[in-house]
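Top to bottom, those sequences are chains A and B. Heads up: the first sequence at position 153 corresponds to 153 in my numbering, and the numbers run straight through without jumps. Heads up: the second sequence at position 167 corresponds to 167 in my numbering, and the numbers run straight through without jumps.
Wrong hints could be hidden among the right ones.
What the hints assert, rightly or not - Chain B regions said to be covered by chain A (calculated; three or more residues, Cβ under 8 Å):
#, region
1, 7 to 19
2, 103 to 111
To be verified - Part of the chain A face toward chain B, derived, beta carbon under 10 Å:
#, residue
3, V9
4, P11
5, R30
6, V50
7, P54
8, P58
9, P59
10, A60
11, L61
12, L72
13, G77
14, A83
15, Q119
16, P125
Think of the hints as simulated: they come from the structure by calculation, not from any bench. All C-beta atoms in this analysis are idealised placements derived from N, C-alpha and C, irrespective of residue type, glycine included.
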Amino acid sequence: MLRDVGLHVPPGALLRIEGANGCGKSTLLRLVAGADAPSRGRITGRPRRVAYVPDRFPPALPLTALGYLTRLGRIHGLGRRGAAAAADAWLARFAAEEHAGTPLRELSKGSCQKVAVAQAFLAGPELLVLDEAWTGLDRQARRVLDEAVAERVAAGARVVVVDHSPARPAGVGARVYRVEDGRLCDAPAAGRETLVRAVGPPGAVPPDGLPGAPRWRRDAGGYALTVPAEHSDELLRALLGAQPPWHIERLETRP
Amino acid sequence: MTVLLALTRYQSALLLRSHRWLPPLLLYAVLLGVGVRAGEPVLDGLGFAAAALLPSAAWLVRVCVTVEPPAARDCVTAAAGGARAHLASVLAALLASLVLGCAAAGAVLLAGDAHATDRATEIPLPQAAGAGLLAVLACALVGTAIGVAANRPLLRSPAWSVPVTALAAVALLAASASPANAAVSSLVAGSRDGSAPWPLWPCAAALLVAAAVVAPVCLAARRRG
């Protein structure tokens, strides 16, 4: 379904994946979250605390909202008190505390979605993967989710989202990718950007901390790095000055 | 380890509150009702209680690995890893089987006759209890191994899972090379000669079999199934 996907998710980055229905966005998110494993290739460097919100959360669990969240908190690695406190706090933040004792199967779709989203924030995830998490939430809860995502990004977490509305998540600049024909491509961004095609020493991946924090993907034996145009000179200097140096094959600035 | 414990508690809660443990429990109760009589030699009763547990143990694994909706499983898998999540379902099923088996063994110890088949040689009850519990453990482990091998992620369709489970349960009770058969036979033989040997070797073999099946299947469960 997905082929030749090379994606780097740096700390403190918000990635937004776009694409048509059924193109493989959700599959990509499940792979990133570790809910599925790739049949070929590998995913490395996934942080320890990972949280995932699936596109359709099932209300068919025989637990109350608070019971579910407390158990999930424990599974996310919190202690007994920490899990109970986090469950209470996130239900309250999404204005769902009156549903704490309600069995999940009796909750409305929107309230259930609040539980699904709250679950992901319980333990302060270092990698947060949201598949249409805003869908079904009321206006107030959507705003809370925007804030919570911005907080995670500010705390240095990696966040990867899919959402129908291009306005989500609000308040944080996202790097945008598109899934097309089973491949991952850069989506046109707002400002001018420079694409650098570079080939490193065998087996090397672009190092962290490059100027302009380029987003990169694997590209036919080399790497395609994209930075805001004003960082392109520094990026080239860093690549050429690396030990051993990278080889630059192509340079292209687009509006 | 704490996370595995939390996962097992979560899976046990899902099992308990879903009430899907009821059919395997009824199967076990019916088998016990047919096969165990009050006042019969205690080791014979314990042997039957252990053997009859095997199919229910396999069924409980099927219940535990299918009780969680896929999207809920994805959340848990992202948080804790697919291998650990699957292992926790299996542990929840094994715990439930052991609860059933221990309850049945307790009932047989209370209702059975603490003598050998000749009705003259006395069998000390603590000795019989130890032998019975070890046989229950061996059969629960073998049943669990069958359930793990015959369900998600290896066999996904119930059209395969259910007949494979049933056939494997019969085969592993009947085959003399199976640890479950060895444990039950040891009790029945003990009842005949008036001893109550503890089936330690069959238990160890059952543990090995279960570990050899569960470990690779849990690793395979990292892919969505």
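For each hint, the structure was consulted:
no.: 1; hint: 7 to 19; in the structure: holds (count 7)
no.: 2; hint: 103 to 111; in the structure: violated (count 0)
no.: 3; hint: V9; in the structure: 14 Å, violated
no.: 4; hint: P11; in the structure: 18 Å, violated
no.: 5; hint: R30; in the structure: 6 Å, holds
no.: 6; hint: V50; in the structure: 5 Å, holds
no.: 7; hint: P54; in the structure: 4 Å, holds
no.: 8; hint: P58; in the structure: 4 Å, holds
no.: 9; hint: P59; in the structure: 9 Å, holds
no.: 10; hint: A60; in the structure: 5 Å, holds
no.: 11; hint: L61; in the structure: 6 Å, holds
no.: 12; hint: L72; in the structure: 7 Å, holds
no.: 13; hint: G77; in the structure: 6 Å, holds
no.: 14; hint: A83; in the structure: 8 Å, holds
no.: 15; hint: Q119; in the structure: 6 Å, holds
no.: 16; hint: P125; in the structure: 9 Å, holds
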